[in-house]
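Top line first, the protein sequences correspond to chains A and B. The first sequence begins at 1 in the working numbering and counts up by one. The second sequence begins at 1 in the working numbering and counts up by one.
None of these hints come from the bench; they were simulated from the model. Just so you know, these numbers come straight off a predicted model, no measurement behind them.
Now the stretches of chain B that chain A is said to cover, found in silico as 3 or more residues with beta-carbon under 8 angstroms:
id : stretch
1  : 70 to 82
2  : 85 to 97
3  : 103 to 117
4  : 128 to 134
5  : 171 to 182
All residues carry an ideal CB built from backbone N, CA and C; glycine is no exception.
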Amino acid sequence: MRTINADDIILPIADKIKHSLTNVDGPTLEALKKARDTESSRLCRWALGQIIENDEIAARDCAYACQDCGQAVMFVSVGQDLHINGNLTDAINKAVEKGYATARKSVADPLTRINTGTNTPAIIHYDVTVGDKLTVSYLAKGAGSENMSKVYMLTPSKGEDGIINSVLDCVKSAGSSPCPPIIVGVGVGGTMEVCATLSKKALAVEQNDKRDDVARLEKRILDEINSTGIGAQGFGGDVTALSVHVAVAPTHIGMLPVAVTIQCHSDRKFTAEF
Amino acid sequence: MNEKHNSVDNIKSYVLPLSDSDISEMQCGEIIRLSGTVYTARDAAHKRFVEAMADGKTLPLDLADAAIYYCGPTPAADGELIGSCGPTTSSRMDDYAPTLIKAGLKVMIGKGKRGSAVNEAIKKHRAVYLAAIGGAGALYKNKVKSCEPVAYPDLGCEAVYKLQMEDVELLVATDCRGKSCLK
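Only chain A is shown next, with the shape it has when bound in the complex (with noise of 0.2 angstroms):
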């Protein structure tokens, strides 16, 4: 049997959560600079062209990209056959203390609203996989997004359009609030907490083994959101979203819940493997 020290993870994590709140994910700048080269809205151009400029500064500079640092979600997935000596949980949460320590703390209390003061604790989703990898994939969560997602618990005759209509009404309706143009998670199936799960997950995990017509269904949801006009920041323009992620499990036969989490342009973000 493998066996890793949980104290060996903190500093490669917390550097790995420093460089991401500086340096926003290369994909997703790519596909920044792909909507400014075809975007038809004069002031959306300009938009982009800001966020833009905004990232090669924070990546320069190691500025963090926006001020929110966000929250930090983690998914952890645990391979049956590593044995872990020390405390996982408490590894991970002093990896997010280190690696916020000079960015901006946004944890606070629910009821009395006291901040933390370090950012944590982090949200950690635990899986145990086969093999002997300990794998953690980090997403920095600002509260403009994610206050913007929803849950939708359809009845199966709603079908695919239900699903489609359910991230429309979403994305109208979070409007120019999550900063434009997005990237939507959405979890499809399951239950209530397990929808909403994957539609975090598809954000933060790449998806190896994608199914042909979930690929197809992020498609067409993909040109619907594109079709709303809303466009960057808000502005009016042809790209609103720069990618669609679906993830789905098997549900109930009395059930299709949907559940839609927005992620800003500001998508700060790493997988590790240990």
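Could you slot chain B onto chain A? The hints should help.
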């Protein structure tokens, strides 16, 4: 390529405080370049402003012809003036803004659309709402030439700071005729 896309031709420059003719000139949907003094304030500071006004107390800033930037920066790194400082969602200040506009506030800078009560107050008192780009905190950090604390240090990133900003490109989102151009 970058130059062509990132720049907008014939941008008018303005210096704060804005005169009434500056404000009249600004048209909804126009991109402008702004320099001068702005005060940062977001949810918690707005609540205190309005409570202080209701109690007849003096505010930590003179609202007459003032500009407020809805912003809660990241802490400044050693040797720097300020951290990343992009706009926060303006609509969260909608419950407070009409009171401040009535008291003389002329310029609000933030992100996202405003409610109809704010747009009506803007029209009635000839103010203007300017949209900055959400998620561009590093860009605006470099536009800040000085930063001094003004009030409410206990609020942390929500404290009020007086910033001198230089050449910030902004969109006129609600002009003094109450016309708005955000979705």
